[in-house]
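Asks: Using the sequences provided together with the hints, build the complete structure.
Letter by letter, the chains look like this.
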Amino acid sequence: MSTNMTIHLRYWRQTSPTARGYFENRTISTVNEHMSFLEMLDVLNEELQLDGAEPLEFDYDCREGICGSCNLVINGQAHGPKKGTACCQLHMRNYSDGDHITIEPPRASAFPVIKDLVVDRSAFDRIIEAGGYVSVKTGSAQEANAIPIQKNDADQAFDYAACIGCGACVAACPNASASLFTSAKISHLSHLPQGNVERSNRVVAMVEQMQEEGFGDCSNFGECEAVCPKEISIAAIADTRRDYVRAVIQG
Amino acid sequence: MISLDAKIPDGPLEKKWSRHKKEMKLVAPNNRRKYEIIIVGTGLAGGAAAASMAEMGYKVKSFCIQDSARRAHSIAAQGGINASKNYPNDGDSVWRLFYDTIKGGDYRSREANVYRLAEVSNNIIDQAVAQGVPFAREYSGLLANRSFGGAQVSRTFYARGQTGQQLLLGAYQAMMRQVELGGIKYYTRHEMLEVVIIDGKARGIITRDLVTGEICQHEADAVILATGGYGNVFYLSTNAKNSNVTAAWRAHKKGALFANPSFVQVHPTCIPVSGDYQSKLTLMSESLRNDGRVWVPRKKGDDRHPNDIPEDERLYYLEEKYPSFGNLVPRDVASRNAKLVCDKGLGIGKTGLAVYLDFRDAIARDGKDMISAKYGNLFDMYANIAGEDPYTRPMRIFPAVHYTMGGLWVDYNLMTNIPGLFAAGEANFSDHGANRLGASALMQGLSDGYFVLPSTIGNYLADVKPGTRYGTDHEAFDTAAKKAQEAIDRLLNINGKRTIIDFHRTLGRIVWDKIGISRTKEGLEGAISDIRSLREEFWTNVYVPGEKNNYNKYLEFAGRVADFFELAELMAMDALDRAESCGCHLREEFQTEEGEAIRNDKDYSYVSAWEFKDRNGVLEEALHKEELNFEFVELKQRSYK
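Chains as they are written, first to last, in numbering that gives the first Met the number 0: chain A, 0 to 250; chain B, 0 to 640.
The set of hints was computed from the structure by calculation and includes no laboratory data. Keep in mind it's a predicted model, so treat the numbers as computed, not measured. Possibly wrong hints are sitting among the right ones.
As the list claims (entries may be wrong) - A partial selection of chain A residues facing chain B, derived with a Cβ cut-off under 10 Å: (1) Thr14; (2) Leu49; (3) Cys66; (4) Gln88; (5) Asn144; (6) Asp152; (7) Asp154; (8) Ala161.
Cβ coordinates follow ideal geometry from the N, Cα and C atoms, glycine included.
Replies: What follows is the structure, given as structure tokens:
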């Protein structure tokens with residue numbers, strides 16, 4: 000039988016994209032170790048509403064670590080302290096009675112705040128739009144087994160394709176770079192023969208779109224890999240750089 | 000007069016779809032750009048339809064409630080996708096996939112629809128591979144298959160435990176390509192609140208911009224709803240938090256029939272509820288039942304550590320009751336029996352609402368390494384959520400609502416009874432009958448989106464004069480927009496004392512207890528009166544915080560919960576009407592002494608299609624019946640003894 004914990008929260012409040020934000024403090028004493036981090040925020044929101052205050056806005060959907068909606072920065076760490084875990088899968092048993100927790104939105108000019116902890120990540124969609132696909136129309140596919148793909152290549156492609164597009168990599172990067180997100184898609188597709196055809200165009204278009212969106216450059220801090228809930232390897236960024244240089248030189 | 004003509008093409012089963020494709024009208028390529036199509040929802044069905052139709056040259060407007068199309072709940076599907084490729088050479092065929100699906104659905108779906116699904120299943124795999132979906136492969140470099148959900152053949156394609164994610168990203172990327180090319184206008188964080196009908200035809204929708212609160216009007220030549228299922232009526236389910244019935248329900252209130260609302264699938268292997276704060280349930284792949292043994296203590300209230308309970312004091316209830324299938328009985332049978340033992344007071348843990356899934360014997364037999372290689376990620380997931388080590392202590396599991404087979408009634412062309420309004424994926428009722436087989440939800444969503452709708456939409460549009468525009472200043476748009484705004488204002492003005500989540504949780508408990516795994520006449524009648532009185536309280540005592548002209552998640556929830564209240568009553572009415580047990584619908588009055596379902600094909604071999612009349616304290620709906628005719632399969636009682 001678990002007992003209740005008291006947690007001292009400090010969270011970001013911002014009423015609109017243009018408003019000035021501030022931190023608000025509140026202590027809740029009904030936290031249970033089995034709660035997920037987001038369930039703890041649900042409890043906070045019930046308390047706020049019963050007090051006639053506005054609930055805290057944050058993004059979430061699947062709550063099983065796969066949709067990529069949640070993206071809280073917890074005590075300065077994207078998705079909080081647990082390695083390879085999105086914050087919806089972080090449980091309060093990772094905290095102790097009396098802990099202080101600060102919750103912020105990811106800070107990046109390419110991710111403007113909409114309200115409180117909710118940010119606009121449409122820049123990620125536009126990076127995919129620029130080339131994160133294979134240009135195959137419905138109906139024009141050949142037989143699925145026509146091209147064998149080495150198991151190793153398929154497995155590596157999967158490792159990169161596992162990206163959930165949450166933006167933790169951007170939040171963690173001192174330059175607010177989207178290099179890991181962008182490179183994960185580039186590496187996923189370039190490991191497969193289907194994606195290889197458009198490899199050069201893709202890398203140039205996606206990297207340039209990333210820059211246009213206002214994300215910074217990669218300086219090899221490696222913070223992105225450390226916080227990635229899917230533990231995507233920073234090797235993707237090296238692949239992208241090589242491909243980009245090759246594509247630009249070859250024109 | 001409502002017509003329930005399913006428009007199934009004549010001829011032999013295996014020729015129906017190809018013949019229909021040959022006979023359907025076409026829209027010429029240079030005319031396609033003159034048509035606008037609205038697609039609501041960007042999951043497998045909506046995303047695939049949007050990409051495919053834009054590729055064909057139609058002007059598509061795509062809407063989703065999330066911040067990106069890639070977040071749609073299809074992303075969470077774990078297990079895999081069926082296709083009748085027969086790569087393993089184990090005797091699979093289009094016929095066999097068709098037969099398994101119609102039998103699995105307990106003969107409450109249309110033969111023609113299900114056959115088409117099995118037929119196009121292979122095209123889906125081709126398409127996904129061409130898009131770069133990284134399916135699992137053998138060392139030969141060819142695609143791998145596994146057996147899933149008790150199927151006798153290995154026909155399931157998979158991408159680790161993230162098949163839904165990879166297929167969705169394939170559709171999403173194809174969509175984004177069309178956004179870039181200008182074929183799709185893309186609206187994120189927009190919620191559909193009304194369908195606009197002009198001269199009897201669907202001509203547009205009203206949405207709310209969830210960031211600014213603005214009510215927007217969108218006109219089109221056809222509207223497709225691909226808005227998913229309604230499992231969140233139970234409050235706790237494996238659905239994503241934002242999954243809802245609102246788009247489908249608002250269409251229903253405008254005249255679209257809602258079919259088989261009581262057909263809801265409960266998945267047997269989920270992590271049990273730990274407390275009131277619980278916001279959702281997490282599913283673990285049912286492949287765990289291949290090696291885990293399900294049991295409860297024989298003695299009530301036995302609170303010893305499970306490992307201290309000796310063999311002869313354990314009740315392996317599935318193995319005892321179903322010696323030939325044992326722990327591998329279908330989802331509905333496993334779920335029902337878990338509830339039965341818990342109802343008898345044998346459930347474990349502090350809630351008494353859980354049973355053990357024990358890997359002790361499998362680990363002793365195969366070694367920890369082998370079990371870890373098979374299920375490592377699932378064991379880790381369990382340990383993370385439950386805080387217990389499943390290698391040394393049996394898992395605690397309990398059933399949870401997972402998928403809704405019911406949905407908007409559609410004909411063979413996936414069109415509702417409102418001309419120009421289509422429904423696809425989980426939002427329609429079409430292919431799974433009273434129970435869905437594992438790995439066939441992804442198949443149906445993509446079949447509808449990639450291959451069925453792109454053909455059938457042309458057949459409809461060919462009769463619509465290109466370029467017909469009424470303009471969004473038409474009074475139908477005005478009336479619908481006012482209605483949407485009034486509903487929002489009404490909610491914000493109640494200013495009551497109970498929170499939305501509190502109401503939703505209470506509603507969910509009623510629905511779970513009385514319209515859940517097993518149902519009785521008495522229970523259903525009780526549910527209807529409980530739902531009505533709670534709904535009445537909702538409309539006088541709910542507290543909806545915040546403002547309408549800003550991002551306001553709880554305002555979104557309030558509208559969705561209001562719709563769930565009405566749907567819940569219809570589910571009870573439907574379950575009450577169906578005085579038989581079939582698939583996931585078990586009426587306790589209709590079972591054998593041993594607790595096996597008794598289906599009644601003579602009286603209930605129909606699709607119930609409900610027509611909304613009014614809601615004035617009481618939900619008024621008229622029942623229409625689409626009789627199901629089985630020409631090609633023989634109806635058999637399922638038995639897993």
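Asks: For a quick check of understanding: which of the numbered hints are violated here, in increasing order?
Replies: No numbers; nothing is violated.
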